[in-house]
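Protein sequence lines, in the order shown, are assigned to chains A and B.
Numbering (our numbering) for the first sequence: 1 to 172.
Numbering (our numbering) for the second sequence: 1001 to 1113.
Hint data in this document are derived by calculation from the structure and do not stem from the laboratory.
Please note that the accuracy of each hint is not assured.
To be verified - Think about it this way: if two alpha-carbon atoms lie no more than 25 Å apart in a straight line, the pair counts; the simulated SDA-like pairs of lysine to any residue are: (1) Lys1103/B to Ala1026/B; (2) Lys1103/B to Pro119/A; (3) Lys1103/B to Ala71/A.
Stated by the list, open to error - Partner residues are not named here, just some residues of chain B that face chain A (Cβ under 7 Å, in silico): (4) Phe1005; (5) Thr1015; (6) Thr1016; (7) Ala1020; (8) Ala1026; (9) Gln1042; (10) Lys1070; (11) Arg1076; (12) Glu1083; (13) Glu1092; (14) Asp1100.
Claimed, not checked - Now the in silico label distances, taken between C-beta atoms and shown as ranges: (15) Glu1038/B to Ala55/A: 44 to 52 Å; (16) Glu1038/B to Glu14/A: 40 to 48 Å; (17) Ala1020/B to Ala45/A: 44 to 52 Å.
Even for Gly, the Cβ is constructed at its ideal location relative to N, Cα and C.
Each chain, letter by letter, is given below.
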Amino acid sequence: MTASDATQAGAADEIAASATALNRRVAALFGRSLHIRTLDTGSCAACEQEIRLLAAPHYDLQRLGFFFTPAPRHADLLLVTGPMLRAFALAARKTYQAMPEPKLVVATGACALGGVYQPDAFSYGSVDQVLPVDVWIPGCPPSPLALLHGLMVAVDRLAAGVGSMSFSAGGE
Amino acid sequence: MPQWFLTGLRRGVVTTHYPARREPAADDLPTPPAFRPEQLSQDRALRLAEVCPSAALAIADGDLVFDVGKCTACGRCRQAVPEAVTASGGFELATGRRQDLVKRIPILASTAR
């Protein structure tokens, strides 16, 4: 019992070590140039409006080394919005397959995270039912600042802080 | 943007300094709620779970479970129970671990028991 626990812990350590190594490799590969392909899987277009603002002069995401690309074959990062309609799942999988390795998937907005639509006959209800999501960006819609933060988290240039936030305002 | 109109127009620079520096416009953004556990009675928690339109609030094992990922920052919980709910003020919520977004807030033990 304890021996199998130990091997399990050892395997988990090994996985964690290889994960950090992969992370480092990804950061080294992407460096300061990362191309983003957006994918709308049935959103109301509010997320798209905020994403579009990232390229506007106030946010200017090119200064941070992010660029939009219209072709999944040129993309490093797939920015997915919407609750993943069942009719769109095939196109989403094909888009993901068309991207070269290494690749990242970022689920954007409350729909993509499973907040607005429950799984039903028309939608999967969240993006991670179909694509392997690496980073989650909450918000309805996430503001351009939140999107910038999410992109920085995706390339490991900012640490995610929400894990340490308690969302309880007690004491103060 | 009125602040940009004064400072940006004078300096001719419109671009935000985020993430190197704080972005003042971030204070105006709608944010997910934060909860006051010392005010969170059973009744209030039930009302919160009822009023949330996106099922971000639920009750499980005597805790109020808040899924930040599902929250649309609509503010209905703040309207329904202003005593126990405030604005969290955070917008840097992206994470690589989905479970980081699920928060458990303890509910006060019922006095009727």
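Review point. Which earlier hints turn out false for this structure, listed by number in ascending order?
Key: 3, 4, 7, 9, 11, 12 and 17
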